[in-house]
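Asks: Each of the two chains sits in its own frame; use the hints to bring them together as a complex.
Chain by chain, the residues:
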Amino acid sequence: MFRIPDYVVSQRTRRAVLSRIARWMAGLGFAMLGLVAGLWSAASARFMVPNVATEPTRRFKAGTPGRYPPGHVEQRYKEEHGVWIVHEKYRGRWQLFALSTACTHLGCITLWQESDRRFKCPCHGSGFYPNGVNFEGPAPRPLPRYAIRLADDGHIEVDRSRTFHQERGQWDDPASYIPG
Amino acid sequence: MPLWDRIRRSQVWKSIFRHPPPVDRPNRVKVVLTNLILHLHPVAMPKHGLRLRFTWCMGGITFFLFLVEVVTGVLLMFYYRPTIQWAYHDMLALRDVVSYGILREVHRWGAHAMVITAMLHMLRVFLTGSYKPPREFNWVIGVLLLALTLLLSFTGYLLPWDQLSMWAVTVGSNMVGAAPLVGHEGPASWVTDQSDLRYVLLGARSVGEEALLRFYVLHCVALPLLAAFLMALHFWRIRKDGGISGPL
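Chains as they are written, first to last, in this note's numbering: chain C, 14 to 193; chain W, 4 to 251.
A portion of the hints provided could be inaccurate.
[What the hints assert, rightly or not] Which chain W residues face chain C? A few, computed with CB under 10 Å, are given here:
#, residue
1, V74
2, F81
3, Y82
4, W89
5, M94
6, A96
7, V100
8, V101
9, S102
10, Y103
11, L106
No lab work stands behind these hints, which were simulated from the structure alone. Where is the CB? At the ideal position from N, CA and C, for every residue including glycine.
Just chain W, with the same shape it has in the complex (with noise of 0.2 Å):
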């Protein structure tokens, strides 16, 4: 009996894949239902889902991308201090002293790539006129992505802690300091500034320790958490409004 076929037989195998090679349709059906990450696809696919012209498989690539930032960021966050002593050495130190340098590099290529992927996927999805009932809820959930996904940008843009960063985030949270009724500079404002949003963002009335450390678990924990729960939402939903949609 040849090795390959051994294995199959066995009971670790067996144990893990509960179903025969899939030869025949409901042996297919089958082994996608029971495989978390098969299951994650239907189990027939319309033939246009297939065409790039299209699909231009950006919601994919964005997704993709996503994933890279997770396991780059994860990475990352082994040698990263978010401390004002420590933050600009350490990002220096990954780029100079750490093995594979190029890691933050990546990461950061993602994070602009996965900005201009999501926006790309929008606009396919605005020209296809895929926002159309019965999806009008997913493209509500898309644009909540968007969002987050430029927030996971500028909570990242602070955290290597130069002058570039320690400015910008100045200057985007100075804009918050002046939205209407939260921004205690806005139009109809009731709040000083000591317990505007801005305060509570930054934890401070300006941008310090305080503000690196939430940036720093903004950008590691909440927001990605936040991203996943509504990526999965998304990618249900696609599934419960009638699958892809495709050429009318």
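So that you can see chain C by itself, here it is in the shape it has in the complex (with noise of 0.2 Å):
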């Protein structure tokens, strides 16, 4: 009698073999769509990360030590930097260092006062001594200085990438002024 072998009558019936090529066709291109939208997320998340900025540079020239004299408080720097550039008394030795303008209360901008010689918050009254170090209202540290050198072309480098506060001692880093 005859009889039809194993091997032509598969299980698998064309339409199985069909759907399941349209089901590994329909998952590759879910691949393909997830794919793009991946690498699309990460190319807009790198594009949102600046390549240059217009902001000033932490670094900048000011100029040579003669043109701050003892007792000088320097306010050229205030508006791009937000620098003072002072001549003062620091513990009985005259020092050349750039202070920080920011109020160490809550970061409001310092103002100068001549006639006073002090260093004053409009926001809630703190006051600094020209050295930095403050005396009256809510502020809880004295002024942090930046890092200060003279360049080989005996310009003034101020770097304000680096920072010395004197609650921790770091005024006595030769880094934090120059010996005026």
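Replies: Written as structure tokens, this is what we have:
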């Protein structure tokens, strides 16, 4: 008696094979869609990181030390760099140093009052001596110093990427002042 | 239990997708109706709605290009400043300095393509007679959308702030100044050069920073919002006017 061999009558019907192929194609399509969406998201995230900054540089030149006689508080770098350059006595020694203009209470910009010889915060009335140490109002700490040095060309160079805090004893660091 | 099944039975999944995998017709309908994205499509489509030779898919492509313009446009807005000092330099920086500087080109090419596809869509609707009742009003909305597409192109053209855009908009706004009644140089004019439509459009008598700001706000906020509203109406009316039109 004739019997159809097993390999002719497959359990895998044409419909089953075709629908499996269709499922794989659909899966591949969604995978490609996901890949494109992922690449697009990654590219958009990278796009959001600026490659060029238009804010002022962290390091700037401030002329020769001769421009700053003893007792002088220089205000010309306040607007662009947020820095007072001061020639003042600290612990009995004349030093040239760069102070932050931001009040240590809540970050308002202090004003230099020549008649009273103090930095005054307009927000809550904190006051600082010319050497940056706080003496009145709610400010908890002295104004921090920025790194300062004499560059090879004899000009002062201020670097705002390094700060020196008096309450941490960092004002003894020779990078925080130029001996006057 | 496979991971996929565990995810599908979790409370989080069920709180987002209210219905089980659509294996029968009632659930298929419910899945479509309860999903914000899917419900934009009808539950059932006529077979001819998939015939590319009839629809050209031009309306869909135009909508897709609008979405591309929205996404790339929002990204460009993160760098572009509509001021005389910065506009031109920001445009150059978007090409030369910012990562993936091709985004501005994508925005520009997409805008050109969108004008073309909108017109081809209009041609298809005309050739197939799909503007006839009951779809007359949707044709009118479509014409308004074409006008908005052209206005979006026109307002976007000023934003690079180079010589080409500056004088193109000068010419375009002078044409507004020559319009009947509302233009100071137009026929039957009853306005001056400080009260006509050109003055309102530019915020001044010539193209300057006021015009740049006005075109920027029109291009990024006002016109896209209006276009999005009209598109919603346009798509909704397709459904309400008897679904996608088919061959007779």
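Asks: Verify the interface restraint on M94 of chain W: the C-beta must sit less than 10 Å from at least one C-beta of chain C.
Replies: With a closest approach of 14 Å, the M94 of chain W hint is violated.
Asks: If you take the shortest Cβ to Cβ gap from V74 of chain W to chain C, is it below 10 Å?
Replies: OK, holds: V74 of chain W within 10 Å of chain C, min 8 Å.
Asks: Do the numbers back the hint for L106 of chain W, that is, is its least Cβ distance to chain C under 10 Å?
Replies: Hint on L106 of chain W: holds, closest Cβ of chain C at ~7 Å, below 10 Å.
Asks: At a threshold of 10 Å, is the proposed contact between Y103 of chain W and chain C supported by beta-carbon distances?
Replies: At 5 Å from the nearest chain C Cβ, Y103 of chain W passes the 10 Å test, so the hint holds.
Asks: Minimum Cβ distance from A96 of chain W to chain C below 10 Å?
Replies: holds, 7 Å
Asks: Min Cβ distance, W89 of chain W to chain C: is it shorter than 10 Å?
Replies: holds, 9 Å
Asks: Minimum Cβ distance from S102 of chain W to chain C below 10 Å?
Replies: holds, 5 Å
Asks: Close enough to count: is the Cβ of Y82 of chain W nearer than 10 Å to one in chain C?
Replies: This interface hint holds because 8 Å falls under the 10 Å limit.
Asks: Checking hints one by one. Is V100 of chain W an interface residue toward chain C, by the C-beta closer than 10 Å rule?
Replies: holds, 5 Å
Asks: Should the interface hint for V101 of chain W be scored as holding, given a Cβ-Cβ cut-off of 10 Å against chain C?
Replies: Given a least distance of 6 Å, the restraint on V101 of chain W holds.
Asks: Just to be careful: measuring from the Cβ of F81 of chain W to every Cβ in chain C, is the smallest value less than 10 Å?
Replies: holds, 6 Å
This entry does not satisfy hint 5, going by the numbered hints stated previously; all others are met.
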